[in-house]
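If you read the sequence shown in the numbering used here, its first letter stands for residue 1, the second for the next number, and so on.
None of these hints come from the bench; they were simulated from the model. Even glycine gets a Cβ: it sits at the ideal position worked out from N, Cα and C. It is possible that part of the hints are untrue.
For lysine to aspartate or glutamate, the following EDC-like pairs were computed, each having C-alpha atoms within a straight-line distance of at most 20 Å [what the hints assert, rightly or not]:
(1) Lys235 to Asp290
(2) Lys235 to Glu278
(3) Lys382 to Glu306
(4) Lys148 to Asp78
(5) Lys232 to Asp290
(6) Lys371 to Asp385
(7) Lys428 to Glu454
(8) Lys235 to Asp186
(9) Lys433 to Asp78
(10) Lys165 to Asp239
(11) Lys140 to Asp90
(12) Lys316 to Asp365
(13) Lys140 to Asp78
(14) Lys309 to Glu278
(15) Lys414 to Asp50
(16) Lys428 to Glu60
(17) Lys449 to Glu470
(18) Lys379 to Glu312
(19) Lys498 to Asp45
(20) Lys152 to Asp90
(21) Lys414 to Glu470
(22) Lys414 to Asp464
(23) Lys433 to Glu168
Ranges of calculated distance between the beta carbons of each label pair, as one might list FRET restraints [unchecked claim]:
(24) Gln308 to Gly377: 23 to 31 Å
(25) Met429 to Lys316: 54 to 62 Å
(26) Gly236 to Gln82: 27 to 35 Å
(27) Tyr331 to Arg465: 19 to 27 Å
(28) Pro330 to Lys371: 17 to 25 Å
(29) Pro431 to Gln333: 43 to 51 Å
(30) Glu306 to Val164: 42 to 50 Å
(31) Lys316 to Ser86: 44 to 52 Å
(32) Ala69 to Met429: 17 to 25 Å
(33) Pro330 to Lys152: 46 to 54 Å
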Amino acid sequence: MITYFTFLILLLVMNNMNYVIKAFRTIVLAWLVIFQGHFVVVHGDFNYQDALTKSIIFLEAQRSGKLPAKHRPSWRGDSALQDGKSVNVDLVGGYYDAGDNVKYGLPMAFTVTTLAWAAIAYHSQLQSAGELENVRSAIKWGTDYFLKASSKRNRLYVQVGDPVKDHECWTRPENMKTPRTVLMIDQNNPGTEIAAETSAAMAAASIVFRGTNRSYSHQLLNKAKLLFQFAKTHKGTYDGECPFYCSFSGYHDELLWASTWLYRATRRPTYIEFITEEATTATVAEFSWDLKYAGAQILLSKFYFEGQKDLENFKKQADGFVCSNLPQSPYHQVHMSPGGLIHLRDGANSQYVTGTAFLFTVYSDYLATHKQMVNCGNKQFKSADLMAFAKQQMDYLLGQNPRGKSYMVGFGNKPPTQAHHRGASVPKMSPNKVVDCSMSFVYWYNPEKPNANELTGAIVGGPDRNDNFEDRRSSSSMTEPTTYTNSLAVGVLAKLTKHHAQS
1 MITYFTFLIL LLVMNNMNYV IKAFRTIVLA WLVIFQGHFV VVHGDFNYQD ALTKSIIFLE
61 AQRSGKLPAK HRPSWRGDSA LQDGKSVNVD LVGGYYDAGD NVKYGLPMAF TVTTLAWAAI
121 AYHSQLQSAG ELENVRSAIK WGTDYFLKAS SKRNRLYVQV GDPVKDHECW TRPENMKTPR
181 TVLMIDQNNP GTEIAAETSA AMAAASIVFR GTNRSYSHQL LNKAKLLFQF AKTHKGTYDG
241 ECPFYCSFSG YHDELLWAST WLYRATRRPT YIEFITEEAT TATVAEFSWD LKYAGAQILL
301 SKFYFEGQKD LENFKKQADG FVCSNLPQSP YHQVHMSPGG LIHLRDGANS QYVTGTAFLF
361 TVYSDYLATH KQMVNCGNKQ FKSADLMAFA KQQMDYLLGQ NPRGKSYMVG FGNKPPTQAH
421 HRGASVPKMS PNKVVDCSMS FVYWYNPEKP NANELTGAIV GGPDRNDNFE DRRSSSSMTE
481 PTTYTNSLAV GVLAKLTKHH AQS
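Based on the provided sequences and hints, a complete structural model is requested.
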């Protein structure tokens, strides 16, 4: 740097400002090349607190039902206030899963389970960031809905809305007139995956509210027990949410996942007996709304570290998940883009990124607390290795990537402006206005211009396996966000906010 500035001073002495300007431009361009335009980065770190706050705002943007006062964002309004009326059940509330206006039970429950896990694991970090109450509110928005949906014994309402009709109309939820068809599971039409995932959500959330709302916590836990019994007794895969949320992995992972959360919430032997004697488990490389094995294995590893040696196999499988994802591992098998991003498949790939980052973050804490290592053949990895990889994955999404681009709406450098999302892309209008579905795509979907409303905090689907990205509403695999992508990011961002705060 001294050489450059000495050169500039000499040029000034020579009174030749043209050379000064050219030299200055050269230095600036060099900095841009070196740092890829990441002016949002300070000492290699992002403003994680801002990203955390915005990631929660997106979850609020996905709320269905009667919205509270001072709701964020301001362009959202009340919607779907008659949900459940066709079956004489109050199903108002809950969350829209992504860019459409359907409420799917399976991904909604996974969103709540993982958000509750973040609230449990990073309670102090969320509190320090001033976001704990917002996270609790987001969890309760989901669990209040699940209590309604499971109000009748051995019956669970699992979907509201007709996805086919919904996808034929590009309109905001406040103005939708498409059918609000209700689907349910019961003894004659079981759905073990959804029942068990909802049980997990209730059990995890019961821990979150144990210290602040004991009666509500008991209510959630009692419902979680009933739903688990229902899922275990009446086994069967429910395909009513196909082709959008088909459970390709089957229901054994959800049964392990739910029993693990119930054991964590109750410490009752009946659940650990199910886990060790009845449940099926497997080593996997993915953690998602469809595949929960790795999450359960990491949770159970904590109990193994605390002395429950009959759970050793789950620790080995948790290590297997890490070994499959960590690039330095001899057993690495997950594709990494040239820029260093996990890529499992097209279509909301960022969910696998935040899912892996979250499990690595939690597991790194367990390893650090108990002075343990991950074994990958002849190589061992420390807690710090896992956290470094989790941070690298999150940093990629926030802008440290070959394109120098953020994949979170409203955050960082060159963020997406055309998120594939009805509510964000359609201008705010009177709730009484009737939308012509046949023209809705012409007006609000096809134009290649920024959305009318900023979908703050939404982590979009992200780039392809070669780091290519198109910020176009029509490129849904790249630009559509999901609730579970963000719920999985909250815990990681909370830890990064605490340990990598900007100076």
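Violated constraints from the hint list, given by number and in increasing order: Violated hints: none at all, because every hint is consistent with the structure.
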